[in-house]
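> Order-wise, the sequence lines are chains A and B. So in full-length UniProt numbering, spot 81 of the first sequence is number 81, and the numbers just go up one at a time. So in full-length UniProt numbering, spot 193 of the second sequence is number 193, and the numbers just go up one at a time.
Since the hints were derived computationally from the structure, they do not count as laboratory data. Every value quoted in this text rests on a predicted model; they were computed, and no experiment measured them. Where is the CB? At the ideal position from N, CA and C, for every residue including glycine. One should not assume that every hint holds.
Below, simulated DSBU-like cross-link-like pairs (lysine-lysine); rule was C-alpha separation at most 35 angstroms, straight line [as the list claims (entries may be wrong)]:
1) A:Lys-120 x B:Lys-105
2) A:Lys-95 x B:Lys-105
3) B:Lys-129 x B:Lys-110
4) A:Lys-109 x B:Lys-110
Reference listing, derived: stretches of chain A covered by chain B, where coverage requires no fewer than 3 residues with Cβ under 8 angstroms from a Cβ of chain B [said to hold, decoys possible]:
5) 130–141
6) 167–176
Stretch by stretch, here's where chain A covers chain B in the computed footprint (C-beta under 8 angstroms, at least three residues) [stated by the list, open to error]:
7) 105–115
8) 134–140
Listed below are the residues making up each chain.
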Amino acid sequence: MSTLQLTCQWWQSLHRTMLRGVLGKTFRLVGYTIQYGCIAHCAFEYVGGVVMCSGPSMEPTIQNSDVVFAENLSRHFYGIQRGDIVIAKSPSDPKSNICKRVIGLEGDKILTNSPSDFFKSHSYVPTGHVWLEGDNLQNSTDSRYYGPIPYGLIRGRIFFKIWPLSDFGFLRDSPNGHRFSDD
Amino acid sequence: MVASALYLTNGAHQYGYECLTGMAQSKGWVRRYFKAFCKGFFVAVPVAVTFLDRVACVARVEGASMQPSLNPGGSQSSDVVLLNHWKVRNFEVQRGDIVSLVSPKNPEQKIIKRVIALEGDIVKTMGHKNRYVKVPRGHIWVEGDHHGHSFDSNSFGPVSLGLLHAHATHILWPPERWQKLESVLPPERLLVQSEAE
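If we strip away everything but chain B, and leave its shape as in the complex, we get (with noise of 0.2 angstroms):
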């Protein structure tokens, strides 16, 4: 009966044994599988927010301030544009070109116009206080597309090009709207005299 107890606890032993391997094996695979999430979440997170950061974002535009050109429908539809940051990093735009840019009165805001004139322009302005503006060194001068619906340089004057955030390259959404911005100045808003000239 001792030898028959003997043999009951070795067996327990054993068992025993056999369920905390199985329970460390278990838990080295919870761990390995919480390293490599680690290792992934690191290395995909910086990645993905400085992709989105410095190379190019996706943004839903949103007003009546650049029609007919984005946002024809009005409140129904907003159209998402491509925002290109990696063409601008070195704040190189052309005349004719939409950008997006901090707003200089609320820089919890972006907003996106397109640039009429460059430094050194000298614009005529529509609902300015002056009504020639020479833009000085490191300014643009960027109007929405829909005049007197718009928040642009017509009301808070040149802007600096430390603010210039990206270049909108191409619409997106909706499907039927897909198509390439093209940097054109609008015809009645060509300028008085620019210095590239």
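In isolation and in its complexed conformation, chain A is listed as follows (with noise of 0.2 angstroms):
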């Protein structure tokens, strides 16, 4: 009777201070990831991260498999500006992203053809909207393709980039400066 006594106590106090243990283990894990989770939410949301970019549409700015660093901060206070390259989401497929560089804002006269074409066909960007195009004009679907986006679709603003180490700092300009038209 005291041996069955004595092991069901022992039994209980295992089960008492391993459940405690593990189970207030647990928690603490599951609050740390929660917190720490959030934190990084709002910091990508609102400030800036680490971004890789795959691709060859803005070559020769950004390779293929280039990490850059990419800040939101411009996106909120509406000051993206031309030339600048963004993140944004695809108009045709929400859950990818595409990086591309802003070529008009609202209101801007934008030439849609190749320059080496005799008739000039331009249309103006509508107002909330922008027009992206990539560095490497041969290779890139952007808003040649399927017409300006909503400002809302910008994600952020690339402005740095940190591998490879060969090619580390800030973003050159774009190697297509007739693009631009500033009337």
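Make one complex out of these two single chains by using the hints.
Structural data, given as structure tokens:
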């Protein structure tokens, strides 16, 4: 009888300490995960973050698999300007992002065909929209294909390259200077 | 007399020492409170902001573009709705949902409309420059319930799903208008052709 009681007591105390220890640790872990996840969300949503770009559409400014630093303050304060490189949600696929240069803001006149054509056609960017083009004009699907995109799709502005180290620093201006028309 | 002077100074020293320790204890209390406050602040603010951005928030509806579903009383009493971000985290909406989105014409403003058509559907428009419009991939067609008084897809065309902000699920205020908002298409806006068939 006494050994049974003893084993019962031993089992109960083991359960209590184990459970309390394990449960307490689990709750603490979950709490810290939620806290750091929320801080990460706030940092990326309102300040900025590190992004890896893929694709050839922004060569030579940004090559495939470059790591860049994007800031999201300009978007919230509506400070995006012509010539900025922005990350935006793709208009045809909201789950993927595109990385292009802003060529025109609302009200700007945009040349919509290549400058070698004889008849120059142009259009105006509607209110609340921006015109995006990649720096690699021959290999870029951008506003020349799907039209101007609403400003609300812009997520952030890229202004600094981190990797590769040979290209560390602020990003260059557009190699296609003639695309800007300041009418 | 020297002894009493020494005694007095000793007492004064002791009194001064007690004052100092008393002050140090109260300063320690202030520092501890400040540390606890900072810890609480850095936990509570990001969690609250993330909750309001990603899970749900509340908003007041203004305007008459969704009458009679929302704001039937006009400017006298504005409805307050519960906006559910979590439901649209994968950009999944159904026809008939009432959604809030960033206005394509003014990024500082959010508009609240009903989803009429999804990508691939053909819509018969009311007041758009084309009579029939096929909704492109990744876009939706939204309209307000109060036709003619609504700035919606009939003015600016199909909107990209990336502008979707939240799904309005319930009316929270005024209390006599507590209800769950149903996802029904108005009968006169049935589709010409929908891809899902």
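> Now, for every hint given, state plainly whether the structure supports it.
Outcome of the hint check:
1. A:Lys-120 x B:Lys-105: holds, 27 angstroms
2. A:Lys-95 x B:Lys-105: Roughly 22 angstroms between the alpha carbons, so the hint for Lys-95 of chain A and Lys-105 of chain B holds.
3. B:Lys-129 x B:Lys-110: Distance ~24 angstroms between Lys-129 of chain B and Lys-110 of chain B Cα, so the pair holds.
4. A:Lys-109 x B:Lys-110: holds, 27 angstroms
5. 130–141: violated (count 0)
6. 167–176: With 0 residues closer than 8 angstroms to chain B, the segment 167–176 of chain A misses the three-residue bar; violated.
7. 105–115: holds (count 4)
8. 134–140: holds (count 4)
The structure does not agree with the numbered hints 5, 6 stated previously, though it agrees with the rest.
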